[in-house]
Amino acid sequence: MTTKVIEGTPSTKVTQIQRGITTGIPIMLGYLPIAIAYGVLAKQAGLSIFELTMMSVLVYAGAAQFMGAGMIALGTGAIEIIVATFVLNFRHFVMSLSFMNRLRGIDLKWKVPLSLGLTDESFSVASLHGDKAKQENGTYFYAALMLTAYLSWVIGSCVGGLLGDIIPETLSQSMGVALYAMFIGLLVPSVKKEVRMGLIAIIAMLINYIFSQFVAQGWAIVIGTVIGGLVGIYVLKEEKV
Amino acid sequence: MMLLIIVGMALVTMIPRFVPAYIVDKVNFPNWMNKWLQAIPYAALGALIFPGILTVKPDQPHIGLLGGIVAILLAFLGLNIILVVIGAIATVFLLTTL
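As you go down the protein sequences, you meet chains G and W in turn. Heads up, the first sequence is in the numbering used here, so the first residue is 23 and it goes up one at a time. Heads up, the second sequence is in the numbering used here, so the first residue is 1421 and it goes up one at a time.
Hints in this document: simulated from the structure, not taken from any laboratory. There could be a bad hint or two in this list.
[Stated by the list, open to error] With the Cβ distance kept under 10 Å, some of the chain W side facing chain G (calculated, not the full set):
(1) L1423
(2) M1429
(3) V1432
(4) I1460
(5) I1469
(6) F1513
(7) L1515
Idealized CB from N, CA, C, for every residue including glycine.
Go ahead and model the full structure; you've got the sequences and the hints to work with.
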């Protein structure tokens, strides 16, 4: 560990954990209804409560779990489901490379579990709180953030499997916009500070849109993210975090 | 069989997640690559928002789009992210129930 002890800073383990949980609440708000919807769908697809909860515990990737449950319901073969999951989730490799590079200097025993907690949402939120990586006990912030998201997902999917549709359909459908709104709520303040961040995002959107016409959704997101990021090489200043 | 599928899905999801932890531990990146990786969160946010937001209500893509526009406005006004999320949910809810 290379954390420095700075006199008088209030970044104790407890305050960092509290900050991490607070920061994770928007993710929780977005995850709970989607996890419940997943639980309902997976139950209908023929998974037991144990199986559908274990999928959330072990896979922990919303879109892939919806797809997996759907494919199981259709009787698709195991290999096909696993390959499709790999393609859909490969974007996490690029995200993890970005986040782990920010955590350079932090012990591997922290980096590995934190990397396993990366989703689209926890990655986005954690990255936009990149300053914590340099703070005292910053790893506790990230750990608390990721556990808040993870537990919301696992508990929500179990609840969905047990109780079925407890949220009225119009409301759960409306809540489908929650995570998109969260992504927007993360992006807009950065664009207000630095317009060039918006340029990176818009190029990634367009590339994703164009490629999604020709290749699997998973690859289109990866290509959009990678090429959008390459624009950053030209538009970002040195050491812009 | 079901457990085999779940474990397989878990492995192909976990491996791409944790391999970068070992890569950054072993390899130092050139400057351009660090800049590229710093830009990734913004690029990823862009790719995650669009065109996915159009599928909030798949048969009526304008509903997701309007929810997104409300989110942009609320975020631009500097509202807390939870209020941005609630505002977008309320917009979609009103548009689908009215």
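W:I1469 as an interface hint toward chain G, with CB separation required under 10 Å: The hint holds - W:I1469 has a Cβ within 10 Å of chain G, the shortest such distance being about 5 Å.
field: Agreement of hint W:V1432 with chain G interface, Cβ distance less than 10 Å
entry: Hint on W:V1432: holds, closest Cβ of chain G at ~4 Å, below 10 Å.
message: Tell me if the interface restraint on W:M1429 is satisfied: Cβ within less than 10 Å of some Cβ in chain G.
response: 4 Å, holds
task: Under 10 Å, Cβ to Cβ, is where W:I1460 needs to be relative to chain G, so tell me if that hint holds or is violated.
output: 4 Å, holds
- request: Against chain G, run the beta carbon of W:F1513 and see if the smallest gap drops under 10 Å.
  value: 4 Å, holds
message: Next item in the hint list is W:L1515. Is there a CB on chain G closer than 10 Å to its CB?
response: At 8 Å from the nearest chain G Cβ, W:L1515 passes the 10 Å test, so the hint holds.
query: Taking the least C-beta to C-beta distance, is W:L1423 closer than 10 Å to chain G?
result: Holds - the Cβ of W:L1423 comes within 10 Å of chain G, reaching about 7 Å at its closest.
The structure shown violates none of the earlier numbered hints.
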